[in-house]
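All chains should be built: construct the whole structure from the sequences, respecting the hints.
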Amino acid sequence: MTGLPADAQAAGAVLTRLQLLVTRRLDGLLQGDYLGLLPGPGSEPGESREYRAGDDVRRMDWPVTARTTVPHVRQTEADRELETWLAVDLSASLSFGTAGRLKRDLVLAAAAALTHLTVRGGNRVGALVASGAGIRRLPARPGRRAAQGLLRAVVGTEATPGRVDLGGLVDQLSRPRRRRGLAVLISDFLAPPEQWERPVRRLSVRHDVLAIEVVDPRELALVDVGVLELVDPETGAVHEVQTASRGLRDRYARAAAQQRARIAAALRRSGAAQLRLRTDSDWLADIVRFVAARRHALSSGAARGDRPTEDSGREVR
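Take the position in the sequence shown, starting the count at 1, then add 345; the result is the number in the numbering used here.
Just so you know, the hints here were simulated from the structure itself, not pulled from any lab data. If you're wondering where the values come from, they're calculated on a predicted model, not measured in any experiment. Honestly, I wouldn't trust all of these hints.
[What the hints assert, rightly or not] Across the chosen pairs, the derived CB separations fall in these ranges:
hint : residue 1 : residue 2 : range
1    : R524      : G488      : 14 to 24 Å
2    : R524      : A598      : 21 to 31 Å
3    : G488      : V583      : 41 to 51 Å
Where is the CB? At the ideal position from N, CA and C, for every residue including glycine.
What follows is the structure, given as C-alpha cells:
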C-alpha cells in the first residue's frame with residue numbers, strides 16, 4: 346500500500362508517465378543559450394543596430410536614428426531568469442476525445458512539457474487552473490520539486506459542469522503586475538473570440554504569450570456513422586445529428602473551418618504565438634517542431650507582433 350488516496354495515486358501515475366515521455370524525447374533537445382521556451386527579446390537594454398525588415402517598430406531607437414538619419418532599433422539582452430505562468434482551461438468541454446485520448450489529456454501533457462522546458466536555471470513556474478468550479482491560483486516557485494507539485498495539483502483538478510470565463514482567466518494573468526515573462530494559455534478556445542481577444546492583447550503588451558489550442562478531429566469534420574447523439578458536457582444539452590447527410594457534413598466542416606480561422610485571426614491580432622495540438626497527432630513532435638521554428642524565427646529577427654501560426658496536426662479528409 347502506498348498510503349495515498351486513490352485520486353492522488355492516479356495523479357502520480359499520470360505524472361510519472363508524462364515525465365518519462367517528456368524527459369526521454371525533449372531533454373536536451375531544445376536547450377540553448379536561452380533558459381525559456383520562447384526566447385523573447387528580453388527586458389535589459391543592449392546595443393543599437395540598423396533597422397531590418399520585420400523588426401518590431403516599438404523597439405525603434407529614435408535618438409540614434411535622429412543622429413545618424415538611418416533607422417535604428419534598440420536590441421535587448423535576453424533575461425536569464427524567466428517567470429512562466431500557465432493558464433490551464435479544464436472546463437467540461439475538454440472531457441472529449443475520439444482519437445485515443447481526451448482533449449483534457451492533451452492539456453495536461455502540454456502543461457507538463459511546458460513546465461519541464463521552462464523550470465530550469467532558477468526559472469519559476471506558476472499556474473491558474475480553471476474549471477466549472479472556479480479558478481485556482483498556484484504560486485510561481487523555482488525548482489523541479491515545486492514544478493512537480495504544481496503539475497500534481499493540475500492533474501488532480503476535477504472536471505465539473507459549467508463554463509469557464511476564458512477572458513477572466515487571461516485577465517488574472519496580468520494581476521498583480523509582474524516582470525516580463527512567458528504566459529501560456531492552454532485551451533480549446535471554444536468561447537467566442539470577443540470574450541478573450543482583448544485580454545490576450547493586453548497581456549501580450551508586456552509578456553510573451555503562447556496560445557496552445559487543443560483540438561479533436563471530430564471538431565473539424567464528421568464521418569458517416571448514421572444518427573449520432575451529441576451531449577454538450579458544459580450544459581448537458583442533447584442533440585441528435587444525422588451524419589449520413591453529405592450536405593450536413595459539408596456544412597459542419599465549413600463552419601468548423603471558419604471557427605478555427607476566427608480563433609487563429611484573433612490570436613494573431615492579439616500578438617500571441619499559436620500552437621495547435623490534436624488528439625490524433627504526436628503532440629511531443631508537434632511541440633518540438635514548433636519550438637524549433639520559433640527559435641529560428643526569433644533568432645532571424647522576426648517581429649514579436651508578427652508571430653506565425655503553427656498547425657502541426659494532420660488535415661482531416
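Hint check for A598 and R524 - Cβ pair distance inside 21 to 31 Å: 44 Å, violated
Can the suggested window of 14 to 24 Å be confirmed for the beta-carbon pair R524 and G488? At 19 Å between Cβs, range holds.
Whether the CB-CB distance between G488 and V583 falls inside 41 to 51 Å: About 47 Å separates the Cβ atoms of G488 and V583, which means 41 to 51 Å holds.
Hint 2 from the list above is the single one not met by this structure.
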